[in-house]
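Novice: Now for the letters of each chain:
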Amino acid sequence: AQKVTQAQTEISVVEKEDVTLDCVYETRDTTYYLFWYKQPPSGELVFLIRRNSFDEQNEISGRYSWNFQKSTSSFNFTITASQVVESAVYFCALSEARGGSNYKLTFGKGTLLTVNP
Amino acid sequence: EPEVTQTPSHQVTQMGQEVILRCVPISNHLYFYWYRQILGQKVEFLVSFYNNEISEKSEIFDDQFSVERPDGSNFTLKIRSTKLEDSAMYFCASRKGQGNTEAFFGQGTRLTVV
Numbered sequence: 003a004q005k006v007t008q009a010q011t012e013i014s015v016v017e018k019e020d021v022t023l024d025c026v027y028e029t030r031d032t033t034y035y036l037f038w039y040k041q042p043p044s045g046e047l048v049f050l051i052r053r054n055s056f057d058e059q060n061e062i063s064g065r066y067s068w069n070f071q072k073s074t075s076s077f078n079f080t081i082t083a084s085q086v087v088e089s090a091v092y093f094c095a096l097s098e099a100r101g102g103s104n105y106k107l108t109f110g111k112g113t114l115l116t117v118n119p
Numbered sequence: 130e131p132e133v134t135q136t137p138s139h140q141v142t143q144m145g146q147e148v149i150l151r152c153v154p155i156s157n158h159l160y161f162y163w164y165r166q167i168l169g170q171k172v173e174f175l176v177s178f179y180n181n182e183i184s185e186k187s188e189i190f191d192d193q194f195s196v197e198r199p200d201g202s203n204f205t206l207k208i209r210s211t212k213l214e215d216s217a218m219y220f221c222a223s224r225k226g227q228g229n230t231e232a233f234f235g236q237g238t239r240l241t242v243v
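If you read the protein sequences in the order shown, they are chains S and P. With the first letter of the first sequence counted as 1, position 18 gets the number 20 in the numbering used here; the numbers rise by one all the way through. With the first letter of the second sequence counted as 1, position 107 gets the number 236 in the numbering used here; the numbers rise by one all the way through.
These aren't lab readings, by the way, just hints derived from the structure by calculation. Beta carbons are placed, not taken as given, at the ideal position from N, Cα and C, and that holds for glycine. It is possible that some hints are incorrect.
[Said to hold, decoys possible] The list that follows gives simulated cross-link-like pairs (lysine-lysine, DSS-like), each with its CA atoms no further than 30 Å apart:
no., chain 1, residue 1, chain 2, residue 2
1, S, Lys111, P, Lys225
2, S, Lys72, P, Lys171
3, S, Lys111, P, Lys207
4, P, Lys186, S, Lys5
5, S, Lys5, P, Lys171
6, S, Lys111, P, Lys212
7, P, Lys212, S, Lys40
8, S, Lys5, P, Lys207
9, S, Lys40, P, Lys171
10, P, Lys186, S, Lys40
11, S, Lys72, P, Lys186
12, S, Lys72, P, Lys207
13, P, Lys225, S, Lys40
14, P, Lys225, S, Lys72
[Stated by the list, open to error] Chain P is nowhere near these chain S residues, computed Cβ spacing over 10 Å in every case:
no., residue
15, Val21
16, Ser44
17, Arg65
18, Ile81
19, Ala83
20, Val87
21, Glu88
[As the list claims (entries may be wrong)] Covered stretches of chain S (chain P as the covering partner; in silico rule of three or more C-beta atoms under 8 Å from a C-beta of chain P):
no., stretch
22, 46-55
23, 106-118
For reference, chain P alone in the conformation it holds in the complex (with noise of 0.2 Å):
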């Protein structure tokens, strides 16, 4: 069965460095999303990306955030400068699109900044 997959599973980072995200969402799919989950907490929105252009953003997705889909299969988060609070589980999530509303999440990955 097709999956939404996420690398690397679990990133350590210095605070202040950049890391990028990487997801490969399912192949037919056509809405990207990326959400995050700071540890104990809730599933919280961060963007939506569709025909290679972000659809929508939260509050949390400030200038520090940036998403790509690069090359056809690949849907990138990248943060710039990171911070300890940017600490959190991020979930890629996709959407066949066409009146189809159910997202499916990849594993997830989770980040450590120190």
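Okay, chain S solo, but in the shape it has when bound (with noise of 0.2 Å):
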């Protein structure tokens, strides 16, 4: 069975500060995708980013980059120079990736991240 495990429930910073949240996943399937959502207070989910499990290079998008670890079964990932508005709940999720796979997601319990001014 798929699990991700967020072990950060809660995380506070100040802002311009650098974060990471962790995510620590288990998977039997040896071709899996790896997301990042994250929940603003208004509640939507927006996505972040996905990941192969056959890509372990790390990817940098601006402020934000994701750590892919397949030896520590990890994916970080870590806000640079956080803003307040970045103030959100942050959620690691799994996929399934094998032929006619729906694609479901597994998600983990969430990092709440607050940046204070």
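Reassemble the complex: the two chains are provided individually, in unrelated frames, and hints are given to aid placement.
Specialist: The structure is reproduced here in structure tokens:
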């Protein structure tokens, strides 16, 4: 069975600090996808990134970076120079990717990030 | 930019009543999903729908739940006889298919059963 663990329930930082959100996953599949979604206070789920299990290259998008390490089954998310508007719940998610898959998502419990002015 | 839209944004219903949550997926998407998020908890998969039939459902999706794509654009989730524990945020999502794996979510419908 697939499982995603986000051990950090809440993180509080001061604006402009860097922050890393941890994600550890479990799956028996050799091919899978990892995702990060953001849920701001307004409640919607906003897609941030997808990573294929075959691609272990780290990704950087502006102040956001993702560190995917298969050896430790982790897919951590770092925000550099955090901003108050980035306060939200961040979810890590996993989906299977074998043929005929529905790509249904298994979510972690989320990490509430509060960025204080 | 195309988006998934859900109506209503908030629904209050009495226990035992039927409720229908509506979603309009992105127009060229082929796969549709409902997820549920009980307040303060994680987002959970309910059901996936493809080619006018359910392709997978979770243990949560019991006989009280049903989905339908009545007219080629709407995708609905019906709860036949609501219970207090059905109170949650319900998210609709759609995916293009054909190797595209990102699911795009609607803004959610908050269902409150009283």
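Novice: Now tell me if each hint is right for this structure.
Specialist: Verification of the hints:
1. S:Lys111 x P:Lys225: 26 Å, holds
2. S:Lys72 x P:Lys171: Given that 30 Å is the threshold and the Cα spacing comes to 24 Å, the pair holds.
3. S:Lys111 x P:Lys207: Status holds; Cα separation ~26 Å.
4. P:Lys186 x S:Lys5: Cα-Cα ~17 Å, so holds.
5. S:Lys5 x P:Lys171: Given pair Lys5 of chain S, Lys171 of chain P holds - Cα atoms ~12 Å apart, limit 30 Å.
6. S:Lys111 x P:Lys212: 23 Å, holds
7. P:Lys212 x S:Lys40: With a Cα-Cα distance of about 29 Å, the restraint between Lys212 of chain P and Lys40 of chain S holds, given a limit of 30 Å.
8. S:Lys5 x P:Lys207: 28 Å, holds
9. S:Lys40 x P:Lys171: 12 Å, holds
10. P:Lys186 x S:Lys40: Within the cut-off at roughly 24 Å; holds.
11. S:Lys72 x P:Lys186: Distance of about 29 Å is within 30 Å: holds.
12. S:Lys72 x P:Lys207: With Cα atoms ~40 Å apart, Lys72 of chain S and Lys207 of chain P exceed 30 Å; violated.
13. P:Lys225 x S:Lys40: 20 Å, holds
14. P:Lys225 x S:Lys72: Judged against 30 Å, a Cα distance of about 27 Å means the pair holds.
15. Val21: 20 Å, holds
16. Ser44: Label violated. Min Cβ-Cβ 7 Å, cutoff 10 Å.
17. Arg65: 21 Å, holds
18. Ile81: Ile81 of chain S clear of chain P: closest Cβ-Cβ about 21 Å, beyond 10 Å.
19. Ala83: 26 Å, holds
20. Val87: 18 Å, holds
21. Glu88: Glu88 of chain S is indeed farther than 10 Å from all Cβ atoms of chain P, at 19 Å.
22. 46-55: Three-residue rule met by the stretch 46-55 of chain S, so holds; n is 5.
23. 106-118: holds (count 7)
Figure legend: structure checked against the earlier numbered hints; hints not met, in rising order: 12, 16.
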